[in-house]
Every structure is written in C-alpha cells, then in structure tokens.
Amino acid sequence: MKQRIIIPALFVCLSLAAALALRPQQEVVITIKDGMPMIPVALPDFIIRSSSAPVQAAAAEIHKVLSDDLKYSRVFQLLPKSYYGYISALDPDKIVFKDWESIQAKYLLTGVLSPGESGTIQFEAKFHDVKGERFMIGKKYEAAARALRRAAHEFADEILKAFGERPIFMTRIVFVSDRDGNDELYMMDYDGENQTRLTFNKVIDYMPAWSMDGRAIAYTSYRRGNPDLYLFRPFEGKNTAVAAKGTNFAPSFSPDGKKLAFCSSLDGNAEIYVVQSDGTDIRRLTFNKSIDISPSWSPTSREIAFTSDRSGSPQVYIMDAEGSNVRRVSFGGTYHDQPAWSPAGDQIAYVSRVDQVIDLYVLNLRSSQIIKLTESNAINESPAWSPDGRHLVFSSSLPGTNQIYTIDYDGANLRRLTSKGNNKLPDWSRR
Amino acid sequence: MTKLWGEDRRFQKAILASIVLHAVLFALIVTSPKFPRAGRRGPIRYVNLALGGPGGGSGPGGSSRLGTTAVPPKRETLRDLTTPQKAAVTPKSELRYPVPDPKKEKTPPKDKKAAISQPQPPTKAEPSEETDTGGGSGLRIGGIGEGAGGGGGGIFGSAYGDQIGLSSFPYTYYLQILTDKISAAWFTSLVDPGVRGTYIVTIFFKIYRDGRISDLKVEEASAIRSLDLSALRAITSAAPFPPLPEEYDQDFLGIHLIFEHSK
Chain V
1 MKQRIIIPAL
11 FVCLSLAAAL
21 ALRPQQEVVI
31 TIKDGMPMIP
41 VALPDFIIRS
51 SSAPVQAAAA
61 EIHKVLSDDL
71 KYSRVFQLLP
81 KSYYGYISAL
91 DPDKIVFKDW
101 ESIQAKYLLT
111 GVLSPGESGT
121 IQFEAKFHDV
131 KGERFMIGKK
141 YEAAARALRR
151 AAHEFADEIL
161 KAFGERPIFM
171 TRIVFVSDRD
181 GNDELYMMDY
191 DGENQTRLTF
201 NKVIDYMPAW
211 SMDGRAIAYT
221 SYRRGNPDLY
231 LFRPFEGKNT
241 AVAAKGTNFA
251 PSFSPDGKKL
261 AFCSSLDGNA
271 EIYVVQSDGT
281 DIRRLTFNKS
291 IDISPSWSPT
301 SREIAFTSDR
311 SGSPQVYIMD
321 AEGSNVRRVS
331 FGGTYHDQPA
341 WSPAGDQIAY
351 VSRVDQVIDL
361 YVLNLRSSQI
371 IKLTESNAIN
381 ESPAWSPDGR
391 HLVFSSSLPG
401 TNQIYTIDYD
411 GANLRRLTSK
421 GNNKLPDWSR
431 R
Chain P
1 MTKLWGEDRR
11 FQKAILASIV
21 LHAVLFALIV
31 TSPKFPRAGR
41 RGPIRYVNLA
51 LGGPGGGSGP
61 GGSSRLGTTA
71 VPPKRETLRD
81 LTTPQKAAVT
91 PKSELRYPVP
101 DPKKEKTPPK
111 DKKAAISQPQ
121 PPTKAEPSEE
131 TDTGGGSGLR
141 IGGIGEGAGG
151 GGGGIFGSAY
161 GDQIGLSSFP
171 YTYYLQILTD
181 KISAAWFTSL
191 VDPGVRGTYI
201 VTIFFKIYRD
211 GRISDLKVEE
221 ASAIRSLDLS
231 ALRAITSAAP
241 FPPLPEEYDQ
251 DFLGIHLIFE
261 HSK
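Those protein sequences? They're chains V and P, same order as listed.
Under the working numbering, the first residue of the first sequence carries the number 1, and numbering increases by one thereafter.
Under the working numbering, the first residue of the second sequence carries the number 1, and numbering increases by one thereafter.
If you are wondering where the hints come from, they were derived from the structure by calculation, not from laboratory data.
Using N, Cα and C, we set each Cβ at its ideal position, and we do this for glycine too.
Be careful, since some hints might not be right.
[To be verified] SDA-like mimics (lysine to any residue), calculated; alpha carbons at most 25 angstroms apart, straight line:
(1) V:131 with P:181
(2) V:126 with P:237
(3) P:217 with V:166
(4) V:71 with P:189
(5) V:372 with P:263
(6) P:263 with P:218
(7) V:98 with P:184
(8) V:161 with P:233
(9) V:131 with P:208
(10) P:181 with V:87
(11) V:71 with P:184
(12) V:64 with P:189
(13) V:420 with V:206
(14) V:71 with P:262
(15) V:161 with P:223
(16) V:139 with P:233
(17) V:71 with V:195
(18) V:98 with P:185
[What the hints assert, rightly or not] With the C-beta cut set under 10 angstroms, the calculated list includes, among others, these residues of chain V facing chain P:
(19) 34
(20) 35
(21) 131
[To be verified] A few chain V positions that, by computed beta-carbon distances, are all more than 12 angstroms from chain P:
(22) 81
(23) 115
(24) 201
(25) 226
Using the sequences plus the hints, can you model the full thing?
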C-alpha cells in the first residue's frame, strides 16, 4: 500500500522539481543611442601645505598644466569652477564623494603640494572615481621647479592611460626653424613649451621625422653639400648617415620601427625607397617615369601612402609595403600632396591646392568622405598626426610668416605653437 | 476490457493515478511562464520612458529592430578599405568644398537618449517593417524568449516606447534606472575620432538580485574596438545596479545591451 502512494508522490515531486529547474530566466534587450560626449572631471584648486611663494607658484603652474592637458585631450571635460562653490571645501583626506557627484563630477582630481628637500617641491596627485567612491590613480612627485610641468604632463598621461587612451602629453614635436639664421631642427613639447634647438650645422636641415620609440629623428641635411639622409639620436648625441647618393628627403619610419621609407633620386628620378632602420638593405619601391614622393606608413606597416603625378597631376596613392598593388585614393582636384596616415588607420590627412590656397583635408577611408580642416587664405601644409589621432600639427602662413599650429581632427581648437622666425615641417613623436 | 475494468480494482486505481499525474503535469505546463499564451495579462506597469521625446516606435511585431541590430557591420581590414573599388568612389562634392564645414553643421536636437523595444520571436512576428509612428523615442527595452510576445507599442503614441510593458519583465522603471546609469557612464569621447557612420555593439551581462553583475561579454562586436571597449567600460563603471525588484521572482536578469554609436 505504501509503495502505491510513495511512487506517485515521488513522481509528482520530481515533476515539480524539474519544472522549477526548467523555469526560464528572464532576459531583456535595451538599446542605448547616446552617451556622454566627454568625461566630466572636477579639478579643484590644489591644497597647499606651505605659505612659501615657490610652493604657491608651483601649485598654480601644475594646476594650469593639468587643466590645459585635460581640456586638450578631447576626452575629458572640466567642470566650471563656479560649481565648486556649491559644495563644501575639499578635504583630501576625507572626500565627500556625494558632494562631487551632486555637481555632476564623474571623476575628481586632487593635488597636495608641500615643500620638499633642497628646494624641491612635493606634488601628490590623486584621481578618484566619484560614483564608485574609490581612489583610482595616485602619484607622488618631488621635482625642481623646472620639472614641474613635466610632472603634471606625466600625471595627465597616467589619467589617459587609465581610460585606455594613448598618452600624448609627454610627446614632442620636431620642426624646422630659421629663427637663428638658417633652417635647423628644433624640438618642443606638444603644447609649444620648451622649444629647443637640436642641430647646429649652419647648413640646411629639413624634413625631420620621429622614430617610433621617440629616440631618433631622421632628416635631410646638406652638411656634406648634398641633401643626404641622416639619423639623429638627440638623447645620445649620435648622428649617422643613412643614404648619401642623390637627393634624399621625406623620411618616414614604419610603425613597427623596422624600416624607413624615404624619397630619393638615387636612380635619377624621384622614387620611393625603403631601408632597414640600421641603414642597410636599401630597396626601391616605385618604378615609373613620374615623380613619387612623401611616403607615409599605415599603422600596420603593411602599406604606404605617397604622392605621385603619374596621372598627370599630384595625387595621393597607396601601395603595399613591397611596392605592389598601387591604388589612387584622392580624387576631385589637381593637386593633392603630403599624405599622413592616421594612427587608427582609417584616415589620411593631406594638403590640397585650390586657387593658390593650400588647405588641409582628411580623407576617411571607410566612408570616402573628405573633411576640410582648414579654411583660410593661407598656405597650410605638412600635416602630422598626434599619437591619439585626435589632433594634427601643421605649418601655416596665416600670420604672415610660417608658424606651427595644431588643430583637432574635426577642425576645432586651432592653436598656434611658435612665433619666432619661420617654422615649418613639423612631425609629432609617437611617444 | 469491460470485464477487466469492473473486476480489477488495482487496474482502476492505476488508471486514476495516471489521470491525476497527467493532470498535475498539464497544470505545471500551463502555469509555466514559458508557456505561450496570446492574452496573458501579467503585472504590467506602464512607465513613461520617453521623457520629452516624441517617442512612438514600431508597431506590432517589432522584431525588426533586434533583427537589424543582430547583424554587425562587416569587419573591414585596412586592405579592404583601400582597394581600388573603394577608393574609386568619387567624393560627392567638389574639392573646394568637399563637405560642409563641420563647425557649421547643425544637428537637430535629439529627443532622448534611449529607446525601449521588445524583441519578438522572428517566426511569429508581424511583417517586420518598422512603422515608426513617432520618430525616435529614446529607450528601447524588451524581453526575450516569451513566445507570443506581441506588439502594440505604436498605439501608445508619443509617450511610450514601442511595445513597452509587454515584456515579461514588466518593471520598466528598473530598466530605466539601468539605462540612465549606463548612458551616464558611456563616454563616446573614448571612441576613435575618425569613426563615421553608425556602429552597433551588443553586450550581454547578468544582474543578480542584489544588483551585482556577472558574465559581462561582447555578444556582437562592432568593427570598432574602441567602441566595444567604451561599452564594456560603461557597464563596469555603472555597476553595481540597484537590487532587482522584490516582486521579481528569479535569481538574475539577463541584459542584452545594444550600444548604437552614430556620428
């Protein structure tokens, strides 16, 4: 009798258990079309734990550099200072994150300055996630007054890296200037500060190009009377010849750092060549009667963009790194030159001449769409991308003399970097 | 057989037991949430999600939205981008003014940041044309795996997203909190600046009863890695979420979050 009850009961229980186990879990689909255009960061005044004037000045300088860096990034947006008046004063040891959240800060950057040993300044920077109420990054610097800008740039780079972005604030721009008489190479920070002369040849040095590691500069120099290609290592003081026959110019390092493309009249006509970065194994890539110049590597090192007049007018072409599979990418004009491949690989900046006015354009390789970056009655030329692909540096005759400017990828934030003499042919280091 | 029925009580009991068991099984099946039913009326709450937006949305069916988003853009290699066929596409305008000055472009004001939709079983759906009655609404939310589903969002007019409330997860207020938090943590400035056009990435994750998340993964990648990463970052940054509604009787909620980046 018991068996008769137990078996059906067991069966019912098992059925119920199975039904419960098979109960479906819910899933929903949500579509989000818009996010926040930029990351809102609060950067209140730094806490100064000293009344000495140098520390006060250092706090102001570091705050300004960090503020300028974050604003320039196109990734972060600083909250207006007036917002900070609505909440209680910052106590770096006990941050009330709810206060900062209430004024729409997503992240908070705090700094504390105090005097260090032997005249140095201590700067402690912290970056906080306001919503998560947690500390994200922190660095403590002890630096002399002249190195404070560098400390600020370095911390700004740390913030960029925390968001998966390529750091740009420690990068440098190399360019050619005649401010001291003849065309020589100069170098400056990305924001135009610390302009330094690199070559002292009293001959023409031009068309510099950074190596991928930012330790070497390839350039053309007339130091032996002929426009030869040299490799200059400014941090080691070494200068070596790479190509010394014919006219050699417009060098461009491959992103993998292994090769150097350049233009040369080694065989009589201006053609594009590739050489190993140590100066060995020169190979010719283009073979035709027209002029092929201005090589620029794709970020994968598999292709090279260049200018050629093989169709009758200067146009931008792309070829494989071995010289094959040449295809034209610029159309609709009679003069396109100086291609510069973007770090993401989906855009090529170049110059185009219309009615004796030369402006910068950006060709989007995905959509074939062209954006005109500059619009001025001047000559804007020699574009080079920043490592994050959000800015370009170029030279412009806008003020009457040639000067170096930067501009954002969408034509915003035109910023002049130089003012002395004539400055041209800039190249932005990758790191 | 009649004789057997009349004489054998054991046989009668066995038949009765069988009937009872079948009835129990049938009841379990019918009461199962998985069981498709046309006129099921659950604890539906209608919440105005298209705050300030014209709203509206696809009518019955509504699966077309999911259908279209389920197909990611074809991954293109750098070589694809620079083939002669691609490169030969002539820019639409003359070089002097190839495109309007980006500074002068005026984008129409967007209505709201998200839209709610309900995915439907593809086979049962009505013709998949989107009958967008009210323009873009913002939030689109919908349930998966509920069988009959059903449309009808369009009839709610501008105030509601399409098919809202017919999801088997009726707590739309919770989904709105979720969407608001993730939207606020999705920073599009982290996407490559050169990206033009519309790209979609679908992220899946589970929310447990206490609001914690797990199983975060890219379900359908876009062709833009920085977009995929920005979407993942948005969810991890927005988490943890509020606890699931008390009335919700399951252990977790699966979310298929579609990030649509247009530029």
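Hints, verified against the model:
no.	hint	result
1	V:131 with P:181	holds (10 angstroms)
2	V:126 with P:237	holds (18 angstroms)
3	P:217 with V:166	holds (24 angstroms)
4	V:71 with P:189	holds (12 angstroms)
5	V:372 with P:263	holds (17 angstroms)
6	P:263 with P:218	holds (21 angstroms)
7	V:98 with P:184	holds (16 angstroms)
8	V:161 with P:233	holds (14 angstroms)
9	V:131 with P:208	holds (20 angstroms)
10	P:181 with V:87	holds (23 angstroms)
11	V:71 with P:184	holds (20 angstroms)
12	V:64 with P:189	holds (22 angstroms)
13	V:420 with V:206	holds (17 angstroms)
14	V:71 with P:262	holds (23 angstroms)
15	V:161 with P:223	holds (22 angstroms)
16	V:139 with P:233	holds (23 angstroms)
17	V:71 with V:195	holds (22 angstroms)
18	V:98 with P:185	holds (16 angstroms)
19	34	holds (4 angstroms)
20	35	holds (3 angstroms)
21	131	holds (7 angstroms)
22	81	holds (21 angstroms)
23	115	holds (37 angstroms)
24	201	holds (38 angstroms)
25	226	holds (35 angstroms)
Violated hints for the displayed structure: none, as all numbered hints are satisfied.
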